[in-house]
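Colleague: One-letter residues, chain by chain:
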Amino acid sequence: MSRDLILDKLRRNAAGGQSRAEREKAVAKRIRSASRGVLPAQPRAATARVTQFMEKAEAAQATTVMTTRTGVAEAIADWLRAHNLPAEIRTGKDERLKALLGGKAGNLILRQGPSDGTDTTGVSHAECGVCETGTLIVLSGADNPTTLNFLPQNHIVVLRRSDILAHYEDIWPRLRTAYGKGQMPRTVNMITGPSRSADIEQTLLLGAHGPVRLHIVIVRD
Amino acid sequence: MEITTPQFKQNVTGALADRQLQRALSHVRGNFVGKRAAAAAALPEFEALRDEARNIKNHVLENLDIYLETFEKNVTRQGGKVHWAATASEARGHILDICRKVGARSATKGKSMISEEIGLNAFLEESGIRPVETDLGEYIIQLRGERPSHIIAPAVHVNADQVREDFRRVHTHLPPERPLEEPESLLAEARAILRDQFLSSDVGITGANFLVAETGTSVIVTNEGNGDLTQILPRVHIVIASLEKIVPTLEDMSQILRVLARSATGQEMSVYTTLSSGPKRKGDPDGPDEFHVVLLDNGRSDMIGTEFQDMLRCIRCGACMNHCPVYQAVGGHAYGWVYPGPMGSVLTPQFIGVEKGGNLPNASTFCGRCEEVCPMRIPLPKMMRHWREKEFERHLSPPAHRRNLKAWAWLAKRPGLYRLFTRLAARGLWVLGGAKRRTGFLPMAGAWTRHRDMPTPEGGTFLAQWKAGRHRTGQGTGGAS
Amino acid sequence: MSEPVRIGLFVTCLVDLFRPTVGFAAVKLLEEAGCEVHVPVSQTCCGQPAWNSGDRADTADIARQVIAAFEGFDHIVAPSGSCAGMLSKHYPELFAGDAQWEARAVAFAGKVHELVSFLTDVMGLERVAARLDARVTYHDSCSGLRELGIAEQPRKLLATVEGLELAEMKNSNVCCGFGGTFAVKYSDVSNAIVSEKAATIDATEADLLLAGDLGCLLNMAGKLRRNGSKTEVRHVAEVLAGMTDAPPIGGKA
Chain A
1 MSRDLILDKL RRNAAGGQSR AEREKAVAKR IRSASRGVLP AQPRAATARV TQFMEKAEAA
61 QATTVMTTRT GVAEAIADWL RAHNLPAEIR TGKDERLKAL LGGKAGNLIL RQGPSDGTDT
121 TGVSHAECGV CETGTLIVLS GADNPTTLNF LPQNHIVVLR RSDILAHYED IWPRLRTAYG
181 KGQMPRTVNM ITGPSRSADI EQTLLLGAHG PVRLHIVIVR D
Chain B
1 MEITTPQFKQ NVTGALADRQ LQRALSHVRG NFVGKRAAAA AALPEFEALR DEARNIKNHV
61 LENLDIYLET FEKNVTRQGG KVHWAATASE ARGHILDICR KVGARSATKG KSMISEEIGL
121 NAFLEESGIR PVETDLGEYI IQLRGERPSH IIAPAVHVNA DQVREDFRRV HTHLPPERPL
181 EEPESLLAEA RAILRDQFLS SDVGITGANF LVAETGTSVI VTNEGNGDLT QILPRVHIVI
241 ASLEKIVPTL EDMSQILRVL ARSATGQEMS VYTTLSSGPK RKGDPDGPDE FHVVLLDNGR
301 SDMIGTEFQD MLRCIRCGAC MNHCPVYQAV GGHAYGWVYP GPMGSVLTPQ FIGVEKGGNL
361 PNASTFCGRC EEVCPMRIPL PKMMRHWREK EFERHLSPPA HRRNLKAWAW LAKRPGLYRL
421 FTRLAARGLW VLGGAKRRTG FLPMAGAWTR HRDMPTPEGG TFLAQWKAGR HRTGQGTGGA
481 S
Chain C
1 MSEPVRIGLF VTCLVDLFRP TVGFAAVKLL EEAGCEVHVP VSQTCCGQPA WNSGDRADTA
61 DIARQVIAAF EGFDHIVAPS GSCAGMLSKH YPELFAGDAQ WEARAVAFAG KVHELVSFLT
121 DVMGLERVAA RLDARVTYHD SCSGLRELGI AEQPRKLLAT VEGLELAEMK NSNVCCGFGG
181 TFAVKYSDVS NAIVSEKAAT IDATEADLLL AGDLGCLLNM AGKLRRNGSK TEVRHVAEVL
241 AGMTDAPPIG GKA
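Residue numbers (my numbering), protein chains in the order written: chain A, 1 to 221; chain B, 1 to 481; chain C, 1 to 253.
Because the hints were derived from the structure by calculation, they are not lab data.
A portion of the hints provided could be inaccurate.
Keeping only pairs whose Cα atoms sit at most 27 Å apart, straight-line, the calculated DSS-like set for lysine-lysine is [unchecked claim]:
1. K406/B x K170/C
2. K181/A x K93/A
3. K181/A x K282/B
4. K406/B x K9/B
5. K406/B x K89/C
6. K111/C x K390/B
7. K35/B x K170/C
8. K390/B x K29/A
9. K170/C x K413/B
10. K282/B x K9/A
11. K156/C x K382/B
12. K170/C x K467/B
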């Protein structure tokens with residue numbers, strides 16, 4: 001069987017001259033310790049991190065806005081109006097979004113569930129953001145369809161200000177706490193700006209297969 | 001799959017004469033190099049991260065058996081299935097079996113070099129399953145019936161006007177008045193066509209940039225989002241990945257991510273980094289019902305423990321080819337198989353045999369720029385030299401070159417004869433060059449003088465003059481020892 | 001007064017055959033810096049053509065010969081980054097695991113230097129007493145640049161040459177396409193690369209192209225002369241030593 005053939009060969013050729021037991025111990029230790037390696041310096045103060053997050057996201061052609069918990073629906077409606085888009089959004093059943101939009105959606109029409117590709121705008125709630133590169137972390141789950149992140153032309157992501165982290169390495173302990181060691185949501189999307197391609201003569205074009213626009217609504221909390 | 005590596009020299013002649021190609025290659029020179037340099041300079045920890053990235057992969061390669069077992073266990077635990085493939089044909093077989101089981105008629109595909117390595121598209125077509133490439137560059141070359149000429153920018157050899165012609169030829173539904181002048185309209189056209197394919201496909205096939213052992217997660221890094229639509233919309237998601245894609249933990253992946261995009265496109269981070277663990281969960285409104293990982297060896301396990309092990313650190317960023325003067329001059333197709341540039345010059349002889357692939361490790365000036373920019377610090381020139389050693393040991397290098405080399409080495413080991421010979425050569429060439437100090441023709445050096453003159457010597461050799469005592473510069477104290 | 005530094009000059013096979021002027025320039029620069037220069041006449045070549053052709057056995061024979069002839073000196077200096085790189089970086093690699101030769105090769109390698117960087121980094125040379133009224137451009141030869149880190153040193157000394165104006169070419173750190181036997185084995189690719197290099201040299205409108213490696217210089221000079229370029233070509237040591245009376249490499253423009 002190929003599995004055993006491959007593994008046998010690797011075992012024979014593996015360098016170091018250490019015993020299998022020693023190597024198993026080293027591997028187990030490495031996975032257990034999940035050491036963080038080299039962490040590029042990031043701003044220490046939370047406010048500076050937020051500012052940097054916004055700058056980096058915008059450098060990646062996303063747009064950002066900061067608002068309060070009660071201002072989210074309006075911020076979304078404003079942005080849709082400014083881009084001449086219908087006041088219709090599709091979301092998952094995410095409780096956090098419901099709390100922010102529920103009853104205060106104004107003239108916004110809310111649709112729930114996964115996207116079939118006909119929606120103009122999807123709205124998701126991020127698990128967190130990373131100020132290093134202006135990256136959003138969006139998790140899949142019963143209340144968070146992954147299609148919302150990719151099928152609609154426009155993607156709006158709501159992010160709590162206090163969820164803006166310094167490094168990618170800060171994401172994973174949160175997931176281990178929430179899901180259990182070694183467990184993951186089905187999909188973790190790290191998103192940095194809207195979709196793009198430079199495959200034709202290296203000309204950068206936005207909106208390749210995913211959204212043309214990415215708008216980030218940061219909520220003070 | 002057709003292999004034209006043995007005809008590398010003819011390929012080169014064609015490539016150098018191809019004006020469309022030369023125009024397209026000027027973009028590589030202009031773009032990638034500057035962007036990578038700016039991105040590296042903007043991150044003070046970049047060099048330290050390269051060291052860390054190298055160390056992570058070295059550790060993985062020394063324990064690859066254990067990490068692969070760990071990965072398999074965790075994929076299974078998350079509800080997915082791992083299929084082991086020792087060879088390309090076995091990998092194709094696994095993929096076909098999975099497709100047949102769900103009665104697939106077509107498969108959407110994210111960009112994958114492993115797919116190219118195992119010749120998947122042609123095989124699926126022969127088996128009655130239509131493969132649809134969804135990365136814009138891959139889509140373009142699929143229309144053209146070509147292979148990628150670059151590992152991250154597969155259509156880098158194609159100009160916009162050529163894409164326009166291809167779209168007109170293949171997208172026959174297009175009214176002739178439909179404007180396709182701007183690259184934007186070409187993109188919109190591809191987006192519209194492929195959107196239907198995404199929504200109707202039965203199986204989605206992607207590659208993987210990383211396989212995380214800790215969680216049984218496969219990771220793709222893209223800019224377009226095509227890989228994501230490929231894997232969340234169909235009922236079945238198949239990941240095809242080679243063994244060495246393993247990293248121990250999510251933290252280790254994060255370290256390497258920082259050097260990947262910067263080295264590849266000069267971005268700080270690619271737009272989409274997507275981590276997939278198993279099939280859709282209970283209650284999930286979308287995602288695939290099945291999650292398969294086909295793990296391909298195809299000779300890689302033979303590299304472990306050899307002088308070529310370091311090559312398995314490669315993360316396929318393309319920096320080596322972007323910075324290679326040979327690649328910049330001839331493009332990727334001249335290399336004649338799947339992997340071009342310096343990384344291809346090391347990998348190709350491994351996969352197709354040094355008998356067929358020997359040209360590539362020889363076609364390098366050893367300028368070292370590839371190693372200088374490789375985020376994983378792979379000593380690419382050294383690996384290419386190892387292939388030259390294998391060739392030499394097996395008497396595969398061209399007989400004339402071998403004879404000349406042996407004659408020269410024989411002479412170099414006999415200093416007295418060597419001095420006599422060089423004195424005669426210096427004198428002869430000096431006469432030939434005359435007052436112009438150069439010659440446009442030299443017997444047996446046509447390869448040189450076809451393109452450039454040969455500067456001629458100054459008359460006597462240095463050693464002869466030194467011995468004759470003509471070295472005194474006034475204060476010298478040394479002498480012939 | 002302390003003992004003078006004893007230098008074994010590794011002339012290199014190309015300088016010996018094609019351009020003795022570079023050897024004499026090296027001797028002059030070293031002596032002016034206070035060194036005692038010796039030239040073992042048993043030297044031939046560093047073995048690089050064999051090494052890069054995969055011929056380890058012949059490389060090792062030649063390397064042993066070089067080490068034996070030169071290991072007695074305080075330093076071994078070569079007017080070439082490529083040959084100095086071969087001696088200092090690749091000899092230890094070649095003899096790795098060789099009980100008899102590894103230690104010798106490593107000790108030897110530790111004493112090997114490229115000429116210009118030796119003058120600045122070891123002898124502490126700050127300036128040269130040379131004059132040349134010319135607009136000059138400098139090409140960074142690959143081995144010197146990437147194996148030995150030579151980039152600032154020649155520019156620093158060139159800046160002290162009276163009358164000399166340095167006009168940097170674009171991509172001076174990009175290969176000229178020589179690559180030893182590469183230039184004849186894959187002459188079409190080599191030509192494409194050196195053509196690009198010649199264009200960037202011409203764009204500087206320099207009177208003179210300099211570099212620290214004769215292989216690259218023969219290649220670039222051959223191309224520039226064939227093209228009818230106005231830029232002449234010399235080894236950097238000739239200018240630093242003020243020895244520019246001999247005709248340039250490949251003759252006058």
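Colleague: Let me make sure I understand: some of the numbered hints might not hold for this structure. Which ones are they, in numerical order?
Modeller: Going through the list in order, the structure violates hints 1, 6, 8, 9, 10, 11 and 12 and respects the others.
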